[in-house]
Amino acid sequence: MGNRRRATERKKVHPGVLGGAAVAIVCGVGVAAYAVVGNGAGGDGKSDEKSVATGPPTAAEVRTTARAFLTAWEKGDVAGAAALTDDRKQARAALTAYRKEARIAEVVLTPGKPAARKSAKVPFKAAATVSYEGKTKPYAYESTLTVARRAADGKVLVSWAPSVVHPELRPGDRLVTGAAGTPPIKAVDRDGGALTAAKYPSLGTVLDGLREKFGKEAGGKAGVELRVVRADAEPDADDKGSAAAKKSDAKDTPDKTLLALSPGTPGTLKTTISPRTQAKAEKETAKRKRASVVVVRPSTGEILAVANSEPAGFNTALQGSLAPGSTMKVITSSMLLEKDLAGVDKKHPCPKYETYGGWKFQNDDKFQIKGGTFRASFARSCNTAFITQAKKLDDDSLTKQAQDVFGLGRDNWSIGVASFDGAVPVQSDAQMAASLIGQGGVRMNPLNMASVAATVKSGTFRQPYLVSPDLDDRQLARAPRKMSGRTASALRDLMHYTGVAGTAAKPMAGLGSDSGAKTGSAEVDGQKKPNGWFTAYRGDVAAAAVVQAGGHGGDSAGPVVRAMLR
2 MGNRRRATER KKVHPGVLGG AAVAIVCGVG VAAYAVVGNG AGGDGKSDEK
52 SVATGPPTAA EVRTTARAFL TAWEKGDVAG AAALTDDRKQ ARAALTAYRK
102 EARIAEVVLT PGKPAARKSA KVPFKAAATV SYEGKTKPYA YESTLTVARR
152 AADGKVLVSW APSVVHPELR PGDRLVTGAA GTPPIKAVDR DGGALTAAKY
202 PSLGTVLDGL REKFGKEAGG KAGVELRVVR ADAEPDADDK GSAAAKKSDA
252 KDTPDKTLLA LSPGTPGTLK TTISPRTQAK AEKETAKRKR ASVVVVRPST
302 GEILAVANSE PAGFNTALQG SLAPGSTMKV ITSSMLLEKD LAGVDKKHPC
352 PKYETYGGWK FQNDDKFQIK GGTFRASFAR SCNTAFITQA KKLDDDSLTK
402 QAQDVFGLGR DNWSIGVASF DGAVPVQSDA QMAASLIGQG GVRMNPLNMA
452 SVAATVKSGT FRQPYLVSPD LDDRQLARAP RKMSGRTASA LRDLMHYTGV
502 AGTAAKPMAG LGSDSGAKTG SAEVDGQKKP NGWFTAYRGD VAAAAVVQAG
552 GHGGDSAGPV VRAMLR
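Per this note's numbering, the very first residue in the sequence shown carries number 2; after that it's consecutive.
Some hints could be false.
What the hints assert, rightly or not - Mimicking DSS-like on lysine-lysine, the simulated pairs with C-alpha atoms at most 30 Å apart in a straight line are:
no.: 1; residue 1: 401; residue 2: 347
no.: 2; residue 1: 483; residue 2: 347
no.: 3; residue 1: 393; residue 2: 347
no.: 4; residue 1: 90; residue 2: 101
no.: 5; residue 1: 530; residue 2: 361
no.: 6; residue 1: 200; residue 2: 271
no.: 7; residue 1: 136; residue 2: 200
no.: 8; residue 1: 271; residue 2: 284
no.: 9; residue 1: 507; residue 2: 353
no.: 10; residue 1: 114; residue 2: 136
no.: 11; residue 1: 101; residue 2: 284
no.: 12; residue 1: 353; residue 2: 392
no.: 13; residue 1: 288; residue 2: 393
no.: 14; residue 1: 281; residue 2: 340
no.: 15; residue 1: 101; residue 2: 119
What the hints assert, rightly or not - Simulated DEER-style distance windows between Cβ atoms:
no.: 16; residue 1: 369; residue 2: 280; range: 40 to 46 Å
no.: 17; residue 1: 112; residue 2: 525; range: 52 to 58 Å
no.: 18; residue 1: 313; residue 2: 232; range: 17 to 23 Å
no.: 19; residue 1: 114; residue 2: 194; range: 38 to 44 Å
no.: 20; residue 1: 528; residue 2: 109; range: 40 to 46 Å
no.: 21; residue 1: 106; residue 2: 199; range: 25 to 31 Å
Source of the hints: derived by calculation from the structure; they are not laboratory data. From the three backbone atoms N, C-alpha and C, an ideal C-beta is built for every residue, glycine too.
Given only the sequences and the hints, what does the whole structure look like? Please build it.
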């Protein structure tokens, strides 16, 4: 009787236990679910049953946890605040450094309302003071924290991330207040006008990078600042020959100043940026999602504009690593022309399908050109016209052409800030064939493809740059050889025809005889629409743009480049 009574009592408390199995019980909207776990009642009816909450935290749990965490942080209870996160060690270190290294005190943290009713993300405002050696300034910013339920024990905690402390922080970064290692700069455009992130948002990270690279050369004096010191930062370099100075261009993300307690004296740094072109680039990318563009001057390599739709995000324009699609056919065509595997007006096959290395390649909408020339294939961007030549090439043919003639993939550009110099790896079989049409392992960004159009226009590779090498005596990259005048002329003919009667005709309409272009669409796994590419030149201006998930390059990236050329 006693055993039956105890079993009955257990059943009232845990109706989800059936023969020792675990089931989930949901007690209505807004109430947590529980996994009921037991090892079965046997003999005397004893068991080790235990309830663990599962599922997302309720709105009340999110609100309560967020407030408790922010209150502990605000009061300086580092241990208490860290205990309310899912990573006590990292949280404790970061919150300790917040006061000791960043020297932030008198913190007032005000939670906001989640964007959605059931959202676990809680925005909050921080108002504080920053002090260093008698200098004090108020500092305010906004951040966000996320609340989640820990699976192991069902506890509701703050999901720890460095961005909780400050939105600019990523893993390994630090907030530091003290004498800045690098003097500030006053960057100016080619006409002497001031360049600021407020006026040109896309130049924010570029200006940070220019300060890091040229702060000392520009002749300024360092001040006292609260700044984000990046995890990949090199030690301050006292001379140009140090390893840090040589590697500064390779640093992905420069340190960022958040507050100047004593601003120091900036040195003036002249850049190659064209104010009119930069303003237009900002306007065009701001109209679109995930668009990036770069404009260069073919005769010199000067970078006239750099812009991204998301200025505060990753600098795709200079550092992106994306398959360039059919814009790569400009490089491939130069190789085929030099090897006499194609001629502008020679007959050239463009079948509906072509198989190589076990892969079956086809053209957009499965078109074919019967009895056509290479000019027609280039203008319509016929994939199979290039795949048919794969069997006549060595595995490294395209790699050598990209490196030796276009200066790409050699990892030696020094434009003044961090950049990716393109990659055309040696591949074989189907991947080698795919690289001919800008897929496979080929990776580029708008900077690289603007340089390609510039090389075609001038006939010579000139490494793009933002700051004259005369300032710091750095050596600009050179290509081992230049294409022949005959090849350069043929490429200009092909690109001009494409802009007049091919896939680039609409964006290039009315831009005159001294112009040429190439469109591209690059497939991306898991993405419904391909990335749209467009590269072109007009007179002494060359530009390239990509619109990720934009579809056909002529429709998405083409109008961006057209605006730059006009």
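For each hint, the structure was consulted:
1. 401 to 347: holds, 25 Å
2. 483 to 347: Since the Cα atoms of residue 483 and residue 347 sit roughly 24 Å apart, the hinted pair holds (cutoff 30 Å).
3. 393 to 347: holds, 17 Å
4. 90 to 101: holds, 16 Å
5. 530 to 361: Between residue 530 and residue 361 the Cα gap is close to 21 Å, so the pair holds against 30 Å.
6. 200 to 271: Satisfied, since the Cα-Cα distance of roughly 17 Å is no more than 30 Å.
7. 136 to 200: Given pair residue 136, residue 200 holds - Cα atoms ~29 Å apart, limit 30 Å.
8. 271 to 284: holds, 23 Å
9. 507 to 353: At roughly 25 Å apart (the allowed maximum being 30 Å), residue 353 and residue 507 satisfy the hint.
10. 114 to 136: Violated - the C-alpha atoms of residue 136 and residue 114 are around 34 Å apart, more than 30 Å.
11. 101 to 284: Violated: residue 101 and residue 284 sit about 42 Å apart, past 30 Å.
12. 353 to 392: holds, 18 Å
13. 288 to 393: violated, 44 Å
14. 281 to 340: violated, 40 Å
15. 101 to 119: violated, 36 Å
16. 369 to 280: 40 to 46 Å: Between residue 369 and residue 280, where Cβ atoms are some 44 Å apart, the hint holds.
17. 112 to 525: 52 to 58 Å: Violated: the Cβ-Cβ distance is about 38 Å, outside 52 to 58 Å.
18. 313 to 232: 17 to 23 Å: Given a distance of about 18 Å, which is inside 17 to 23 Å, the answer is holds.
19. 114 to 194: 38 to 44 Å: holds, 42 Å
20. 528 to 109: 40 to 46 Å: holds, 43 Å
21. 106 to 199: 25 to 31 Å: holds, 28 Å
In summary, the structure is inconsistent with hints 10, 11, 13, 14, 15 and 17 from the numbered list given earlier, while agreeing with the others.
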